[in-house]
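Generate coordinates for the entire structure from the input sequences, incorporating the hints supplied.
Take a look at the letters that make up each chain.
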Amino acid sequence: MSATATTAPARARVETRELPPLHRGPRRPARFVLPVYGVLMILYLTSPVFLMILYSFNDIPQERQTLRFWGFTLDWWKNLFDIPGLTAALQHSLAVAIPSALAATALGTLLGLALGRYRFAARGVTNFVIFLAIAVPEIVLGSSLLSLFLTTQAVPLGYWTTLLSHISFSVPFVAVVVRARVQGMDRALEDAAQDLFASPVTAFFKVTLPLIMPGVVAGGLLAFVLSLDDFVITNFVSGSFQTFPIWVYGATRIGLPPQVNVMGTLLFITGLVLALLAAAFQRKRT
Amino acid sequence: MAATATAPRTSPVPPVPGERRRSLRKRLVPYGLLAPGGAWLLVLFLFPVGIMAYTSLKSGGLLSGGFRFTWEWGNYVDALTGNRAYFLRSIGYSAIVTTTGLLLAYPLAYWIAFRGGRWKSSLLLLVLLPFFVSFIIRTIQWKFILADDGIVLGPLKDLGILGQSFHVLATPFAVIAGITYNFLPFTTFPLYVALERIDRSLVEAAKDLYASSATAFWRVVFPLSLPGVFAAVILTFVPATGDYINAEILGNPDTTMIGNIIQRKFLVTLDYPEAAALSIVLMIGMVILASIYARILGTEDETVVAGVA
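Protein sequences, first through last, are from chains L and U.
Its first residue numbered 564, the first sequence is counted upward by one per residue in this note's numbering.
Its first residue numbered 30, the second sequence is counted upward by one per residue in this note's numbering.
Just so you know, the hints here were simulated from the structure itself, not pulled from any lab data.
Think of the CB as a built atom: it goes at the ideal place given N, C-alpha and C, for glycine as much as any other residue.
Be careful, since some hints might not be right.
To be verified - Residues of chain U placed beyond 10 Å of chain L at every Cβ, according to the derived structure:
hint, residue
1, T99
2, L137
3, D187
To be verified - Per the computed footprint, the stretches of chain L lying under chain U, defined by three or more beta-carbons under 8 Å from a beta-carbon of chain U, are:
hint, stretch
4, 638-644
5, 680-693
6, 717-724
Set out below in structure tokens:
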């Protein structure tokens, strides 16, 4: 604002005629429009999350979620594992998400390194394939993987087909995150390591890997969360093997047990903590 | 590798023996890194798409001795003529979702990027918060929020503002609202990234040249944010077109989308060839769209990375 005061008279002197006042900042009532809108949007975006947490404490008479809030109870938190099918589904989800995230992180990191660092003939094609794998609707990925499993008949639909599919849709995401990190990295550090007679392998483990670690961690967490949340692709390839989202979807027909909200809340907190840790880790490294 | 260590890399001119072998080796390094992930994507992404294309050209039936590959192009004709309404509805819904999403998300992204200050990352985290809750659970919660006597419509009906028979669930509005909600973070994030990297001094410069706030926005900020708008359009439109969960949970038979048809044919009626043909058509349409996008912005644009990550 002070800049206006000094420059306007200065120009006025040169041009000798009155200049219109500079437009600066929104007018008073308008100044509140954007923040109010922003807060309302954030409420809109987060409302189902809060509703889920609230309903996890709902003291409902029948053990199915209802619209009404009957009162506060901790029953569902205490009896979290009372529904065998739901507990098994959660275990299945973790049994898929953990190995899937690990495998996708390994494969995706190598891809990200190759694409972010080197110029080579197959680079353009590989970048495009990764882009496609991310851009194609999930239902197309799910149906093509189902076509593969049905045609080859090598693996029956179930845990293994689910795991293989989850690794497939996670690899491109990890690769993209790591690629971005590698591209933002200072290559001079690696060159310095090699100038100091570090073998390429030593240079990789002592310099490159620590530098790209935040990208690797972020990619791995993304793969984990994507796998836990996936419905569409799992729906196609899992046969009768039920993960958490699949079980919840099936349960909506007969009514949702309140434990679903408890588990949803726990998964929500886990995801949030992991994301915050990753962010803290990233900040520390850079 | 030992040869590398004995010859310091910094020596500029004298060619070291074994240098050529080293450079060949160096050229092979990226392929070595590429091999495992590349092979995986080849076998479990590209090959399956090929198999699906193969399936789409089969004929026969489960009851009449299974499906046989016969170059049955008729599947595509059947798929397109029999499901034109669903394709058109999906594209229509998706177009409304994308437009609404952009209009809702742009001011939000602008607010966070330009006025967020030190709250920027916290606000952004709040926008992404829904992603930490399962897609299915979020959609089910909307079913509760929008229910006929739910927390929104119930009080409005009690006050007599709405008629007792008024309902939102099982209407196109509910489906479109559900999809818009579910993909809104996808719409917001690329917009935020594009707005965030705009050089603020350009806006200052415009204002120094007597541009009003509105003029400065439309002539400087908006054009510079267009890559983000474009990324947001693709990242919303493509998944929204293929979605079937919202139509399933929030809709009725009249809101059936192409995704529901593909899902049903693959998993319920087991009409694999026609389902595969539909999926291929959907994929080609979306790939064309995505390729136009990649042509304009490149596949490594920051806004894409931000959008997916």
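Checked hints:
With a cut of 10 Å on Cβ distances, U/T99 stays outside the contact zone with chain L, its closest approach being about 15 Å. With a least beta-carbon separation of about 5 Å from chain L, U/L137 fails to lie farther than 10 Å from that chain, contradicting its non-interface assignment. Every CB of chain L is more than 10 Å from the CB of U/D187 (nearest about 14 Å), matching its label as outside the interface. For the stretch 638-644 of chain L, the stated coverage by chain U is violated: 0 residues have a C-beta nearer than 8 Å to a C-beta of that chain, whereas at least 3 were required.
A stretch counts as covered by a chain when three or more of its residues have a beta carbon under 8 Å from one of that chain; for the stretch 680-693 of chain L and chain U the count is 10, and the coverage holds. Coverage of a stretch by a chain is defined here by at least three residues with a beta carbon nearer than 8 Å to that chain's beta carbons; for the stretch 717-724 of chain L and chain U the count is 0, and the condition is violated.
Hints 2, 4 and 6 from the earlier list are contradicted by this structure; the remaining hints agree with it.
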